[in-house]
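There are 2 protein chains.
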Amino acid sequence: MTRKAVILLSGGLDSSTALAIAKSQGFECYAISFNYSQRNKIELESAKRVAESQKIKDHKILDVDLTQIGGSALTDHRIEMPRGKTDGIPITYVPARNTIFLSFALAYAEIINCLDIFIGVNAIDYSGYPDCRPEYIKAFTGMANLATKTSVQDNEITIHAPLIEMTKPEIIKAGIGLGVDYSLTISCYQPDIKARACGHCDSCRFRKKGFELAGVFDPTQYYQP
Amino acid sequence: MTRKAVILLSGGLDSSTALAIAKSQGFECYAISFNYSQRNKIELESAKRVAESQKIKDHKILDVDLTQIGGSALTDHRIEMPRGKTDGIPITYVPARNTIFLSFALAYAEIINCLDIFIGVNAIDYSGYPDCRPEYIKAFTGMANLATKTSVQDNEITIHAPLIEMTKPEIIKAGIGLGVDYSLTISCYQPDIKARACGHCDSCRFRKKGFELAGVFDPTQYYQP
Numbered sequence: 011m012t013r014k015a016v017i018l019l020s021g022g023l024d025s026s027t028a029l030a031i032a033k034s035q036g037f038e039c040y041a042i043s044f045n046y047s048q049r050n051k052i053e054l055e056s057a058k059r060v061a062e063s064q065k066i067k068d069h070k071i072l073d074v075d076l077t078q079i080g081g082s083a084l085t086d087h088r089i090e091m092p093r094g095k096t097d098g099i100p101i102t103y104v105p106a107r108n109t110i111f112l113s114f115a116l117a118y119a120e121i122i123n124c125l126d127i128f129i130g131v132n133a134i135d136y137s138g139y140p141d142c143r144p145e146y147i148k149a150f151t152g153m154a155n156l157a158t159k160t161s162v163q164d165n166e167i168t169i170h171a172p173l174i175e176m177t178k179p180e181i182i183k184a185g186i187g188l189g190v191d192y193s194l195t196i197s198c199y200q201p202d203i204k205a206r207a208c209g210h211c212d213s214c215r216f217r218k219k220g221f222e223l224a225g226v227f228d229p230t231q232y233y234q235p
Numbered sequence: 011m012t013r014k015a016v017i018l019l020s021g022g023l024d025s026s027t028a029l030a031i032a033k034s035q036g037f038e039c040y041a042i043s044f045n046y047s048q049r050n051k052i053e054l055e056s057a058k059r060v061a062e063s064q065k066i067k068d069h070k071i072l073d074v075d076l077t078q079i080g081g082s083a084l085t086d087h088r089i090e091m092p093r094g095k096t097d098g099i100p101i102t103y104v105p106a107r108n109t110i111f112l113s114f115a116l117a118y119a120e121i122i123n124c125l126d127i128f129i130g131v132n133a134i135d136y137s138g139y140p141d142c143r144p145e146y147i148k149a150f151t152g153m154a155n156l157a158t159k160t161s162v163q164d165n166e167i168t169i170h171a172p173l174i175e176m177t178k179p180e181i182i183k184a185g186i187g188l189g190v191d192y193s194l195t196i197s198c199y200q201p202d203i204k205a206r207a208c209g210h211c212d213s214c215r216f217r218k219k220g221f222e223l224a225g226v227f228d229p230t231q232y233y234q235p
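The listed protein sequences derive, respectively, from chains S and W.
Plus 10 on top of the position in the first sequence (first one is 1) and you've got the working numbering.
Plus 10 on top of the position in the second sequence (first one is 1) and you've got the working numbering.
By construction, these hints were calculated from the structure, which means they are not laboratory data.
Don't take each hint at face value.
The list treats identical chains as one, so a pair stands whether inside a single copy or across any two.
What the hints assert, rightly or not - Calculated lysine to aspartate or glutamate pairs in the EDC-like style (CA-CA distance at most 20 Å, straight line):
no., residue 1, residue 2
1, LYS159, GLU145
2, LYS148, GLU55
3, LYS148, GLU166
4, LYS219, GLU175
5, LYS51, ASP75
Chain S with its partners taken away, still in its complex shape (with noise of 0.2 Å):
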């Protein structure tokens, strides 16, 4: 029988390379977005695409407004979003955002018989999110496996971050392996309305330079050139 696996998929370079790492190792993949708030609508555009363009099992787009909780210069408007690059854990950081995020994906995965879990976290070329990190992650599924009913009758829930060591050359690398088009996915903090992204904000960044280290062309669009 086909394993499934639940892929958090935000439409960025990470999670599309994590749904495709796990379409690779054989899951029936069911990727789940989430419309948490006004600026990342773009996003969601691009998550469609790639779940469209690796032709998995589902796509879900779960609406839970973390504007209601703000917080971060994600999810509430009145706090400007930084330019270049930051010290310190950035204003970019959505408080409890994967916790969130992971929380949902394992209700999910209860529900569709499901102990696989894939998430794009990276703890390499990142902001320095606090919930990317192998011991954050290691502690998630812990916890993971006392919460459900699935756990308590013997199964064990695995949260894959197949990218979580991986630098961003080495991600980029692997996805174009896998056949990921880049050029549909955004990593931008603030793209235009044509999904242009801006080139300047710490994810841009680190997405620029990993296509420059890998040696493969950059299909982003962007704005600010």
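Starting from the known structure of chain S, fit chain W onto it as the hints suggest.
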């Protein structure tokens, strides 16, 4: 400085008691409730009345629609509500519900600079839900302390589950001692539109027996007495 606490408040007997306990311990209380399905609208009215009666700092109701995921008699209207006792984990179990709710509490706590979260789970007179057990709360706490900016800054987050090893009569006696008005609370899984309880579901049976064993007047209004 007064310490803040975030309290998960459903409007039921347990969470209303947990709120009173947090208040009695000197915390400035920020309750949060979840509008997560059609079925729990009446609970939310109770939560509002309980929050008002206990004169707390703030009460926030978050829209988190779990019917998008379903999988429980509480979040999928096509699943019939059980009447009377059932074996195993009942169909009223909502996949990963406490994990989702605690994740939101964790995010909210971080935004208001709060390190203490209260949840009224109970592992004695309960329905066998996995996410009500002490080992689950311990694992969630461990994960929470790796998940957020707060935790990275060496601040320890505590998940308080003051009722976890209390019997229902003990909970009721503690609440009465702290002035909880249980006539404002509702525990039933299928109250009528007048907020009266069925008297037969798991939750009603634990509550009813709790009042009997505590030797305290049961103020619950039943529509099927």
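Checked hints:
1. LYS159 with GLU145: For LYS159 and GLU145, only the inter-copy Cα distance (14 Å) is at most 20 Å; the intra-copy one is 24 Å.
2. LYS148 with GLU55: neither (31 Å within a copy, 39 Å between copies)
3. LYS148 with GLU166: Both. Shortest intra-copy (13 Å) and inter-copy (18 Å) distances satisfy the 20 Å Cα cut-off.
4. LYS219 with GLU175: For LYS219 and GLU175, the Cα distance is within 20 Å only inside one copy (17 Å; across copies 54 Å).
5. LYS51 with ASP75: Answer is both: 12 Å inside a copy and 19 Å across each meet the 20 Å cutoff.
Of the hints listed earlier, the one the structure fails to meet is number 2.
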